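**Student:** Now for the letters of each chain:
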Amino acid sequence: MIFMLLLPLLSIAQAIQPLPFRDHAEELRFQHLSAELRCPMCQNETLADSNAPIAHDLRRQIFEMMQAGRSDAEIKAYLVDRYSDFVLYKPPVEPKTWLLWFGPLIVLALGGLVVAIQVRRRARQNPVGNMPANDTEDDW
Amino acid sequence: MSRLMPLFVFLALCGLFGFGIWWNTQHDQHEIVSPLIDKPAPDFLLPELGQPMSMVGKASLLGKPYFLNVFGSWCIECVHEHPVLSGEVKSLGLRLVGLNYKDEPSDAMNWLREHGNPFDLVITDRDGRAGIDFGVYGAPETFLIDGKGVIRYKHVGPITPEVVDREFRPALAALSKEGG
Chain A
12 MIFMLLLPLL SIAQAIQPLP FRDHAEELRF QHLSAELRCP MCQNETLADS NAPIAHDLRR
72 QIFEMMQAGR SDAEIKAYLV DRYSDFVLYK PPVEPKTWLL WFGPLIVLAL GGLVVAIQVR
132 RRARQNPVGN MPANDTEDDW
Chain B
20 MSRLMPLFVF LALCGLFGFG IWWNTQHDQH EIVSPLIDKP APDFLLPELG QPMSMVGKAS
80 LLGKPYFLNV FGSWCIECVH EHPVLSGEVK SLGLRLVGLN YKDEPSDAMN WLREHGNPFD
140 LVITDRDGRA GIDFGVYGAP ETFLIDGKGV IRYKHVGPIT PEVVDREFRP ALAALSKEGG
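Order-wise, the sequence lines are chains A and B.
If you use this note's numbering, the first sequence closes out at 151, no skipped numbers anywhere.
If you use this note's numbering, the second sequence closes out at 199, no skipped numbers anywhere.
Hints are computed from structural coordinates only; laboratory data are not their basis.
Just so you know, these numbers come straight off a predicted model, no measurement behind them.
Note that beta-carbon positions come from the ideal geometry of N, C-alpha and C, so glycine has one too.
Fair warning: there could be bad hints in the mix.
[To be verified] Mimicking DSSO-like on lysine-lysine, the simulated pairs with C-alpha atoms at most 30 Å apart in a straight line are:
#  : chain 1 : residue 1 : chain 2 : residue 2
1  : B       : 167       : B       : 77
2  : B       : 167       : A       : 87
3  : B       : 58        : A       : 101
4  : B       : 58        : A       : 107
5  : B       : 83        : A       : 87
6  : B       : 121       : B       : 196
7  : A       : 87        : B       : 196
8  : B       : 83        : B       : 58
9  : B       : 83        : B       : 109
10 : A       : 87        : B       : 121
11 : B       : 58        : B       : 196
12 : A       : 87        : A       : 107
[What the hints assert, rightly or not] On the chain A side, residues computed to face chain B include the following (Cβ under 7 Å):
#  : residue
13 : 56
14 : 65
15 : 74
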C-alpha cells in the first residue's frame, strides 16, 4: 500500500535526471533561476517543475551556462532572445506592460476616489449631531 | 440614479470579461510569437540524415529562400501535416529542408521511408541544441528563411491547406515583391 503511494514520486525522481552540481549554493541558484522561468511548451509550468522535453533541454542549457560562468541576467537574456518575454514570469516594465504593472494601482486609486466622494457626500447630507432617527435605507 | 450604480458596475464587468473571452478565442494560446522573425537565422552546422560525415551549415543554404520544417518520427502531428508538406507546400516551389529534431537517425529514416520523403535535404539535431537557437519548443514548426538567411515567417503546429493559403502564400508574395 505504501509502495503504491510512493510510486508516482518514484517516476518523478526518474524523469528529472540529477545534474552534477558543484555545491549546494550552485544547486540553490539553479533552482531559483529555473523557478523564475516559464516552460514554453506547457504554458503554465516553470522550467523547474515541467517534465516536457523542451524544459529538460532548457534546464540542461541553463546548467551548462551556469558552469560556463554566465550570470543569471545573461542566461535570462539568452532565453528571451529565443523564446521572447513569454519565458519570464516577471515581465520587464516597458510601455507595452505598463497597464499590466500599474493597472491594479489605478483601479485601487479609482476605488479610493469613489469611497472618498461617498464619505464626503454623506458627511454633507448628515452633519454630525443631526443623524436621522431612521437610517435603515442604504443610499448608494 | 445611484441605485443603478451596482448594475452599471456589473454590466461593465460583464463587458470586460466578455472581451477577455473573445480575445482568447481570437488568439492561439499555445503560440509564442517568435522574437527571431526578421532576424538572421542562427548559425548551425548539422550532419545530414543518413550521411553523418556530411555537415550542412547555414552558409551553404544561402542564395535562395527555403522552408525549414522541424519534424521527428516521435511527433504525432507531423504525420498529420505530412501530406500537406508533400502536396501544397511542395508545390510552392521552394526548397524544403527538414530539421530532424531530437530523433534517432534510424527512426527518422524509417519514418521517411514509410510516409515518403518530401524534403530536398534533411539535417539532424539529435540533442535539440540547434532547436533551442531557433526557439523551437515542439514539433512540427516551420520557418521561412530568405536567400540572405533571414527568418521571415514561422508557423507553429501542423500545416494545413488553409495555413498554406492564409499565411505561406502572402509571406512568399512579400518575399518575391522585394526580389528576394
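**Student:** Now look at each hint and say whether the structure bears it out.
**Tutor:** Tested hints:
For a cut-off of 30 Å, the pair hint linking residue 167/B to residue 77/B stands: about 10 Å separates their Cα positions. The straight-line distance between the Cα atoms of residue 167/B and residue 87/A is roughly 28 Å, inside the 30 Å bound, and the hint therefore holds. For the suggested pair residue 58/B and residue 101/A, the alpha carbons sit about 25 Å apart, so the restraint of at most 30 Å is met. Simply put, residue 58/B and residue 107/A have alpha-carbon atoms about 21 Å apart, close enough for the 30 Å limit, and the pair holds.
At most 30 Å may separate the alpha-carbon atoms for a hinted pair to count; residue 83/B and residue 87/A exceed this at roughly 34 Å. Only pairs whose Cα atoms come within 30 Å are accepted, and residue 121/B paired with residue 196/B is rejected, the gap being roughly 36 Å. Distance restraint check for residue 87/A and residue 196/B: the Cα-Cα separation of roughly 37 Å exceeds the 30 Å cut-off, and the hinted pair is therefore not satisfied. With a C-alpha separation of about 16 Å, the suggested pairing of residue 83/B with residue 58/B holds against the 30 Å cut-off.
For a cut-off of 30 Å, the pair hint linking residue 83/B to residue 109/B stands: about 15 Å separates their Cα positions. Taking the CA atoms of residue 87/A and residue 121/B, the gap is near 23 Å; set against the 30 Å cutoff, the hint holds. Proposed proximity of residue 58/B and residue 196/B is supported: the alpha carbons are some 19 Å apart, at most 30 Å. Taken as a hint, the residue 87/A and residue 107/A pair is honoured in the structure, with Cα atoms around 19 Å apart against an allowance of 30 Å.
Because the beta carbon of residue 56/A sits about 13 Å from the nearest beta carbon in chain B, more than 7 Å, this interface hint is broken. Hint status for residue 65/A relative to chain B: holds, with the closest Cβ pair at about 5 Å, below 7 Å. Among the interface hints, the one on residue 74/A is violated; its C-beta lies about 13 Å from the nearest C-beta in chain B, farther than the 7 Å criterion.
Going through the hint list in order, the structure does not satisfy hints 5, 6, 7, 13 and 15.
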